[in-house]
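Following full-length UniProt numbering, the numbering of the sequence shown begins with 1 at its first residue and continues without gaps.
By construction, these hints were calculated from the structure, which means they are not laboratory data.
Some hints here could point you the wrong way.
[What the hints assert, rightly or not] Beta-carbon label-pair distances, calculated as ranges:
id, residue 1, residue 2, range
1, Ser-14, Lys-102, 27 to 33 Å
2, Lys-81, Glu-195, 36 to 42 Å
3, Lys-221, Met-93, 36 to 42 Å
[Said to hold, decoys possible] No farther apart than 20 Å at their CA atoms in a straight line, the calculated lysine to aspartate or glutamate pairs in the DMTMM-like style are these:
id, residue 1, residue 2
4, Lys-76, Glu-116
5, Lys-136, Asp-186
6, Lys-32, Glu-217
7, Lys-221, Asp-34
8, Lys-222, Glu-197
9, Lys-98, Glu-77
10, Lys-30, Glu-217
11, Lys-192, Glu-169
12, Lys-192, Glu-171
13, Lys-222, Asp-139
14, Lys-33, Glu-109
15, Lys-76, Glu-66
16, Lys-206, Glu-171
Glycine included, every Cβ here is placed at the ideal spot set by N, Cα and C.
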Amino acid sequence: MNNRIISFWSAGGSTGKTTLAAAFTLALKKYKKDIVLADFKEVTPHVHKYFGIELSDKSNIYEAIENGHNATEAVKEHLQKKQGIWILSGFGMNDFAKFEEKHFFAVLEVVKNEFEHVVVDTSAGVFFSSTYTALKNSDVIFAVAAPTIWSIEDTAQMINFVSNRWGVEKEKFKAILNAVSKEEVDTSTAEKILEIETFSVRYGQKNILKDVTKIAEFLLKKDIEKVIGIKRAEEAKSFGVN
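Please put together the full structure from these sequences, using the hints given.
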């Protein structure tokens, strides 16, 4: 199984990141069955509110890891299914006081082994161990920014920090301009500043779903093309073609 971790992250708050992460996960379910949306936002997680489910205390996960036990069953206890996707609710104030990088890594390992696609909603910025763990282990990172010059410049600065200080390859980043405010900067200008592939999402629930679905389809198309390329190379090799 070609497991993949896709994180939604932002340099600052109020970019609509959680809404996009949820919409992206719902868009993926049209093409993939094994999907989970994992809320790695600490202190004030919001994914559970978006789907109308309870935020569960994760003490049993912490205790399993601290006692050297396999965390799989403990993590599974917190998985809830809503609207055709699996959801792992976030880490509230009590969990925030205890959980460290090793705990978040263990959680991520469990969901990665259980699901083909893991979509992670992270905390904004670079201040939480959950964010570090998610970005370090992601295959794709969507950096969500408002279409303003300040938001884009902050995002560029933060991407450089994560790339240079945390060792996360810049090639993993893609940007999404989310129209949460009046548009000041277009996609092509943002792409020049950020130096990464950039998408845009228009304002309004219907537009969000349409635009995020297109982004998901674009990402999946690249996956399919890569698989076809590998298969063709293997076939050519088996026939002795150089």
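Status of the hints after comparison with the structure:
| no. | hint | verdict |
| --- | --- | --- |
| 1 | Ser-14 - Lys-102: 27 to 33 Å | 30 Å, holds |
| 2 | Lys-81 - Glu-195: 36 to 42 Å | 39 Å, holds |
| 3 | Lys-221 - Met-93: 36 to 42 Å | 41 Å, holds |
| 4 | Lys-76 - Glu-116 | 15 Å, holds |
| 5 | Lys-136 - Asp-186 | 29 Å, violated |
| 6 | Lys-32 - Glu-217 | 11 Å, holds |
| 7 | Lys-221 - Asp-34 | 18 Å, holds |
| 8 | Lys-222 - Glu-197 | 13 Å, holds |
| 9 | Lys-98 - Glu-77 | 19 Å, holds |
| 10 | Lys-30 - Glu-217 | 10 Å, holds |
| 11 | Lys-192 - Glu-169 | 18 Å, holds |
| 12 | Lys-192 - Glu-171 | 15 Å, holds |
| 13 | Lys-222 - Asp-139 | 13 Å, holds |
| 14 | Lys-33 - Glu-109 | 19 Å, holds |
| 15 | Lys-76 - Glu-66 | 17 Å, holds |
| 16 | Lys-206 - Glu-171 | 30 Å, violated |
Comparing the model with each earlier hint shows violations of hints 5, 16; every other hint is respected.
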